[in-house]
Amino acid sequence: MPPKSDIKTDIEFLHSLEEGEVMSQMTLSKRIGVSIGFTNALLKRAINKGYVKAKSAPYKRFAYYLTPRGFSEKSRLVVEYLDSSLGFFKNARRQYVEIFEQAHIRGQNRIILLGAGELAEIAIMAAWDSKIELVAIIDAKSQREAIGNLVVLKTLDEATSYDALVLTDSDEPQATFEKARRLKVNAQLIVPDFLRVHSPDILGKENS
Numbered sequence: 001m002p003p004k005s006d007i008k009t010d011i012e013f014l015h016s017l018e019e020g021e022v023m024s025q026m027t028l029s030k031r032i033g034v035s036i037g038f039t040n041a042l043l044k045r046a047i048n049k050g051y052v053k054a055k056s057a058p059y060k061r062f063a064y065y066l067t068p069r070g071f072s073e074k075s076r077l078v079v080e081y082l083d084s085s086l087g088f089f090k091n092a093r094r095q096y097v098e099i100f101e102q103a104h105i106r107g108q109n110r111i112i113l114l115g116a117g118e119l120a121e122i123a124i125m126a127a128w129d130s131k132i133e134l135v136a137i138i139d140a141k142s143q144r145e146a147i148g149n150l151v152v153l154k155t156l157d158e159a160t161s162y163d164a165l166v167l168t169d170s171d172e173p174q175a176t177f178e179k180a181r182r183l184k185v186n187a188q189l190i191v192p193d194f195l196r197v198h199s200p201d202i203l204g205k206e207n208s
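Note that the UniProt record's numbering has the sequence shown beginning at 1, numbered continuously upward.
Only true hints are included.
In silico DSS-like cross-links for lysine-lysine, where the CA-CA straight-line distance does not exceed 30 Å: (1) K44 to K55; (2) K179 to K141; (3) K30 to K8; (4) K30 to K55; (5) K74 to K55; (6) K49 to K8; (7) K154 to K179; (8) K154 to K131; (9) K60 to K74; (10) K179 to K131; (11) K8 to K44; (12) K154 to K90.
Pairwise CB distance ranges, derived in the manner of DEER restraints: (13) D129 to R182: 32 to 42 Å; (14) G37 to S85: 21 to 31 Å; (15) I7 to S161: 40 to 50 Å; (16) N40 to S72: 20 to 30 Å.
These aren't lab readings, by the way, just hints derived from the structure by calculation.
The beta carbon of each residue, even a glycine, is placed where N, CA and C say it ideally should be.
Given these sequences and hints, build the entire structure.
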């Protein structure tokens, strides 16, 4: 999915406090992957809402634990996150289906995906019923050698013939988009609307 949502952060935060473990705010911030300042804000909000209680421990640490209200809130957030994730999945798959259909109409039948994360897997599923062929995935930072039957390459130079590039990077879509444009390859660069990539001359889902 796109960058970690507020809902997912809240779920991870509450989940980290379920056991009533003694820890510092530094430990908690590393566990949920946010800054100490933001961790402090999450704790203050959760305590004020009655989701979390804190008990002092030695060496400037605290035992944080969820209240019954905290457990209920976590359960509610999990349901909300699953609903939103399903909605995102359906929207992303629909847009990739449309992209592949339009690409085929234009005669762009050999497609390369840019990004080897969750979106690449969604795009692969969207391609199952299409008439296009996915050639490879490009992702310089990925540790994976393949996703399904698709090879993951480090650079576009390693790829053979292709007609278009489709953006599937949810971590840094803007950076990947700009890097691909700078390559000035003889292939159209296609971007799903939901990635919200900015370009002065971008039109809809496509950029050449």
